[in-house]
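Build the full structure now, drawing on both the sequences and the hints.
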Amino acid sequence: MMSKKDLLHALKMIIAVARREVKDTLRDWRLVIPIAGLTLLFPGAMTLVASWMSSLVESYDSAIIGERALPILLLVVGFFPTSFSLVIALEAFVGEKERKSLEPLLSTPLTNRQLFIGKLLAAVLPPVMASYVGIATYALGVTLVVGPLEPAVILLVVVLTTVQAFLMVAASVIVSSQATSTRAANMLASFIIVPVSIILQGEAFLLVFENYTALVWIIFFVFVMTIIFVRIGVQLFNRENLLGRNIDFMNVGWVPRYFARRFVGRDMRSADGDQSSGLRGWYKQTFALIRELRIPIAVLVFMFVIACLAGMVTAFNMRLPEEMLLSLRTDQTRANISVMQEMFTDLPVFIFTHNIRAVLLLVLLGSFTFGVSSILIYMLPWAIIAFITTQFALVGENPFVFIGATVLPHAWVELPILLLITAAALRWHASVIAPTRSNKPLSEVWVQHGADFFRIMVGFGLPLFLIAALLESFLTPFVVGWVYG
Amino acid sequence: MIEARNLVKRYDDFEAVKGISFSVAQGELLALLGPNGAGKTSTIRMISSILAPTAGTVTVNGHDTVLQADDVRRSIGMITEQPGLYERMTGLEYLLFYGRLYELSSRDIEQRAELLFKRFGMEDALHRRLGGFSKGMKQKAGLIRAMLHSPPVLLLDEPTSAMDPHSARQVRAAIQELRQDNCAIILTTHNLNEAEKLADRIAIINDGEIVAKGTAHELRRQLSGDRLMELVADRLIRIPLEKLERQIPDIQFEEMGDEMIRYRTVDPIHDNPRLIQVMAGFGIGTVTLREITPSLEEIYLSIVREDEPETSLEAI
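Here the protein sequences come in this chain order: A and B. Residue numbers for the first sequence follow this note's numbering, beginning at 20 and rising by one. Residue numbers for the second sequence follow this note's numbering, beginning at 600 and rising by one.
Hints in this document: simulated from the structure, not taken from any laboratory. Note that the structure is predicted; figures quoted are calculated from it, not measured. Wrong hints could be hidden among the right ones.
[To be verified] For lysine to aspartate or glutamate, the following EDC-like pairs were computed, each having C-alpha atoms within a straight-line distance of at most 16 Å:
(1) B:LYS842 <-> B:GLU854
(2) B:LYS812 <-> B:GLU795
(3) A:LYS24 <-> B:GLU702
(4) A:LYS42 <-> B:GLU692
(5) A:LYS31 <-> B:GLU702
(6) A:LYS119 <-> B:GLU853
(7) A:LYS119 <-> B:GLU680
(8) A:LYS42 <-> B:GLU686
(9) B:LYS734 <-> B:GLU795
(10) B:LYS842 <-> B:GLU853
[Stated by the list, open to error] With beta-carbon atoms standing in for the labels, derived distance ranges:
(11) B:HIS765 <-> A:ARG118: 17 to 27 Å
(12) A:ASP47 <-> B:HIS765: 23 to 33 Å
(13) A:GLY63 <-> B:GLU702: 40 to 50 Å
(14) A:ILE247 <-> B:SER620: 41 to 51 Å
(15) B:SER749 <-> A:ALA223: 36 to 46 Å
(16) B:ALA772 <-> A:ARG118: 23 to 33 Å
(17) B:GLY655 <-> A:GLY272: 18 to 28 Å
(18) A:GLN220 <-> B:SER749: 49 to 59 Å
(19) B:SER749 <-> A:VAL324: 51 to 61 Å
(20) A:ILE52 <-> B:ARG778: 45 to 55 Å
(21) A:LEU399 <-> B:SER704: 56 to 66 Å
Every residue, glycine too, gets a C-beta built ideally from N, C-alpha and C.
Encoded structure:
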């Protein structure tokens, strides 16, 4: 946690960086002239277009078309100046790198975060301010010439323009910090412009149909994406990367080598500093990795509690139908035991492969969602178990006996290993957005965390899932039979 | 002030710096002399906490460059081959920006800026746009920026290499000027004269390794090998070389002209009179006998030519 003094200092540094950049931008006629044109002349021209269009559609008794088109022009007037934020942001790091002014800046006490946020603000502020002036000019012009615009629409467009500008800038600053030339950065800009253009078209469509709720959701979505991009940017921003490595060349040859080195454990030590070789040494190192999973484990334990509570609350709110509840009663359970025993003894392979599939799904979906899906998939079985157990309690059965008989015999192995594996996956996926103290570039951290995940999966996951499957197939039905039989 | 121990820098599979060690004391100027791609810039970047060493440690003013990077950056001033100025700013605006990053007050920055611009003979340029400066002035402005917060350590990475001789001379004079401030200075260069003129000690770096270090005088002594002597005779020397070699086996003859012999000897006190004596035996008198001292350039080239790298690392 930052102290107030540190925070003030950080703000001072960010402002110093942003102020210099803004000053520099405002002295560049190549940026000032078009922004000024789009701020003052373009809204005026759009006001005339709005007026002409309103008269035209009115002459065909279609005034509503004119009314619905006015906010679209407002959106366009707001967006055009912010498109310059892309140009400024793309130039932010790579331009300095080309002009050789980056290295002196990197040798100052500025932190990576201060520099990144300072640059981000510098790229976003002048165009956004220009955009506000443009929106105000157009809104005023249209009010005078055609009629007033809805204040809610103006507010929506202002917020949309702002969040979109931040999204474009956050993405562009990432590109700029990774590219080695302005040319390379410009080529990568299409990855930003195309999605934002699609969003813009969607917004125009929603404005025509006056679906303001959907627009609010878009604002929320763009805002979340911006936060994610800023986090990724801060994570990717690395002094070493800025001056050395680049994404101009496809160089993935090091990935399998680095992965293999980390997986095998070369250059690693176990927790006690022992460098014993062979399987024993490998397991010692893998045990030591568990320490590094403290934070994801804590998060998952917390989410485990949340999942159980959610299952219980849902059970209270969504009681099962009467006939289903009756089947949960002890006498019914007794009747089902023989069926269960037969079913489960045939299925250790099924249970094992099912668990592995669940882990693979957790890894796959987690990689697209920075670990969020991993957490949700991890929570799902515990929520379901809590739900069913609560239903048992609601029909007067002892829920602890149910848990003790049906879940615990295998869960004492399955729960810790699932927790451990999900924690390793979460650490891997969140490495893109979570802060790290490591001095290594993000790509290396990502590969390293991936290799750590597979170490834990191979070292603990596969053998313990196998044991859990055997317990679930043979021990659990036996215990169920013993308790309820 | 600066202490580098077994410094290694690896980029993927390429090792740019291979375990170098050196130290620089307060008030001392060490020149890292080497060809392009020798690992000089990587070393400077590790000292300035821009790059993290793959192995080894560097301490600057008592601070570890990895663990106390912020303290290190506060302790250094750095300039690079290109001064990298913000050309739309005036000299003062530029220094105000950098001064704020070092938490100096505007008043202190202005005072120091005036002082330093005056010291480097540019007092009229303080309020002029940096874009209008000559190359020499730009590099001097870079030096002023590096010195603005009075750092105890200065890192000068090839400050004159992209300059015409006149501008380079101006900057060299400015570096001489810096020595008054009693800083620890590292200067990287591939200019031998510059290293010899400015540095207290020179470390020759090649292919990521320090291959020699010491004062210019010590380097000559260390690296020139056996002492090279030249004897000029009073007439044509018509003695077969084999005969001379047989009579004085300790001498290694390098070159034989009509009236001149060049040879190397470990023990000139013993071998020189003996050669004169042998020559006299053949009826040849000695006009002069002198030791040929190699230039630093010859020593340097003899070292770096052995293993010239094929690619430039300056961009790394």
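Going through the hints against the structure:
Between the alpha carbons of B:LYS842 and B:GLU854 the distance comes to roughly 15 Å, so the proposed pair stays at or under 16 Å and holds. Using a Cα cut-off of 16 Å, the hinted pair B:LYS812 and B:GLU795 holds, with the two alpha carbons roughly 12 Å apart. For the hint pairing A:LYS24 with B:GLU702, the CA-to-CA distance comes to about 13 Å; that is within 16 Å, so the pair holds. Between the alpha carbons of A:LYS42 and B:GLU692 the distance comes to roughly 10 Å, so the proposed pair stays at or under 16 Å and holds.
Simply put, A:LYS31 and B:GLU702 have alpha-carbon atoms about 9 Å apart, close enough for the 16 Å limit, and the pair holds. Distance hint between A:LYS119 and B:GLU853 is unfulfilled; the C-alpha atoms sit about 49 Å from each other, more than 16 Å. Using a Cα cut-off of 16 Å, the hinted pair A:LYS119 and B:GLU680 holds, with the two alpha carbons roughly 9 Å apart. The straight-line distance between the Cα atoms of A:LYS42 and B:GLU686 is roughly 12 Å, inside the 16 Å bound, and the hint therefore holds.
The straight-line distance between the Cα atoms of B:LYS734 and B:GLU795 is roughly 23 Å, outside the 16 Å bound, and the hint therefore fails. For a cut-off of 16 Å, the pair hint linking B:LYS842 to B:GLU853 stands: about 15 Å separates their Cα positions. Distance hint check for B:HIS765 and A:ARG118: the Cβ-Cβ separation is about 24 Å, which falls inside the suggested range of 17 to 27 Å. Hint check: A:ASP47 to B:HIS765, Cβ distance near 31 Å, so the stated range 23 to 33 Å holds.
Judged by the Cβ atoms, the range 40 to 50 Å given for A:GLY63 and B:GLU702 holds: they are separated by roughly 46 Å. At about 44 Å, the beta-carbon gap between A:ILE247 and B:SER620 stays in the expected band of 41 to 51 Å. Separated by about 58 Å at the C-beta atoms, B:SER749 and A:ALA223 break the suggested range of 36 to 46 Å. Take B:ALA772 and A:ARG118: their Cβ atoms lie about 26 Å apart, and the range 23 to 33 Å holds.
Checked against the hint of 18 to 28 Å, the C-beta distance between B:GLY655 and A:GLY272 comes to roughly 26 Å, which is consistent with it. A hinted range of 49 to 59 Å holds for the C-beta pair A:GLN220 and B:SER749, which are about 57 Å apart. As the Cβ distance of B:SER749 to A:VAL324 is approximately 56 Å, the hint placing it in 51 to 61 Å holds. Restraint check, A:ILE52 to B:ARG778: a C-beta distance of roughly 48 Å satisfies the suggested window 45 to 55 Å.
For A:LEU399 and B:SER704, the hinted distance range of 56 to 66 Å is satisfied, since their beta carbons lie about 59 Å from each other.
Hints 6, 9 and 15 from the earlier list are contradicted by this structure; the remaining hints agree with it.
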